[in-house]
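Visitor: For this one, chain A is given, so just place chain B on it according to the hints.
Quick mapping for you: the protein sequence lines, in order, are chains A and B. Residue numbering for the first sequence follows the working numbering, starting at 56 and increasing by one per position. Residue numbering for the second sequence follows the working numbering, starting at 537 and increasing by one per position.
Calculated from the structure, these hints are not laboratory results. Owing to the predicted nature of the structure, the values given are computational and were not obtained by experimental measurement.
Rough simulated footprint, nothing fancy, chain A against chain B, three-plus residues with beta-carbon under 8 Å:
1) 576–587
2) 598–607
3) 649–662
Built from N, CA and C at the ideal position, the CB exists for glycine as well.
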Amino acid sequence: MEFLRPTSWGEALAAKADAPGAVPIAGGTDVMVELNFDKHRPEALLDLNRVGELATWSEEEDGRLRVGAAVPYARIIGELGGRLPGLAMAARTVGSPQIRNRGTVGGNLGAASPAGDSHPPLLAADAEIEVESAARGTRMIPAGEFYTGVKRSALAPDELIRAFHVRPAEGPQQFSKIGTRNAMVIAVCSFGLALHPSDQRIGTGIGSAAPTPRRAFEAEEYAAGELDWAGRSPLDERVARRFGELAARAAAPIDDVRGTAEYRLHALSVMARRTLTWAWKDYLNGGATACA
Amino acid sequence: MERGETAVRAEIALRVNGEERRVVADTRTSLLDLLRERLGLTGSKKGCDHGQCGACTVLVDGRRVNACLALAVAHQGADVVTVEGLADGDEPHPLQRAFVENDAFQCGYCTPGQLCSAVGVLAEAARGWPSHVTADLAADGVELDEAEIRERMSGNICRCGAYPGIVAAIREAAGGGTAR
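One chain only, chain A, in its complex shape:
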């Protein structure tokens, strides 16, 4: 196995162009599992740890945050938890403290597993993924168009993920995940929710209950229309329940070792109802964000 070690972003793109089969590695928490168990023998590994800019984040002129692909979950929680509360909540459920010290959103995106914890909050918050190739330059892919199949994404073989762009939360955000225990759990299913009060809209993300992470559009539209944004009246329980039903309807789960399709649909409707209830309560209390 070749080991490629670029020291700059330009070198990384050139290396990926020369060896499109090279697997990018940053924290290693996903790639190493495949290597250790010999599930996959990549022709080459592309170590991104020396491309320092990938582990940084910044505020952009358009008001969004640009977060480098290799910023580990622990730093997203600690440094961006206040502005990206939904993603931080999801990040706190990733693996264990040891894994959160190394694992990255870029890795989660690259793997594109339907069970990846970053995906629901990125979908709910309208994130965009910045990818680049030496040949064709940069393009921005909305999270909703990034996931194309089970562990497949819109990323071309010669492209690398550089960062994701997302607006700081302007309303409450929530994340909920089902697993057998709190730590070291791959989601049975998960749900992310973001309120966007300025355009009276709701964002959602479903995890681990369809071939790809996906939004629940019908549920989003229904709730946005039913919620009393200006008057801030309490959430009608029937609206919350209907929202849950519609969220589950957007899913297409399978039976697998972690759970049955039927269970996932039920769990999704409960998580959607609860996260909307919590987020709306925060909205009524005037809180922009649920927790840091």
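Guide: For chain B alone, kept in the frame of chain A given last:
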């Protein structure tokens, strides 16, 4: 990129328990295998080899990581501390002493990982890093009560079930007195 760095084998230079070490190894080698099989440091254990059990936890540049999920060749120049490097000569690390005094293990297999992880917990709490159960996110430091310790140690599994002792030991080392 430097030429020669694309080879199947590579020279890896890192600092382990304060000592500079250089080894030529297959580029697929995990940090755990490098420590155990090439450097003879068998304290770190290979329990599951995929980040589920925490028995291989070591400190890399001061932060706890699963050595089984760390690619050795990606750690050029890193500062690694394993369980063998915790004691100060013949003087055990305060956590090691607390583990002994609080019966924080039975078979001992997970203990090296538990200890390195606990060192990480104390450092993270001192820096004020919140956990999932931290109520006051604005506090300067974190008081390591039982709930905090259990949450923060959730990446380390003990098949003997010595958890009450582990919690008590960490609590004691954190200066919180005995938990039981």
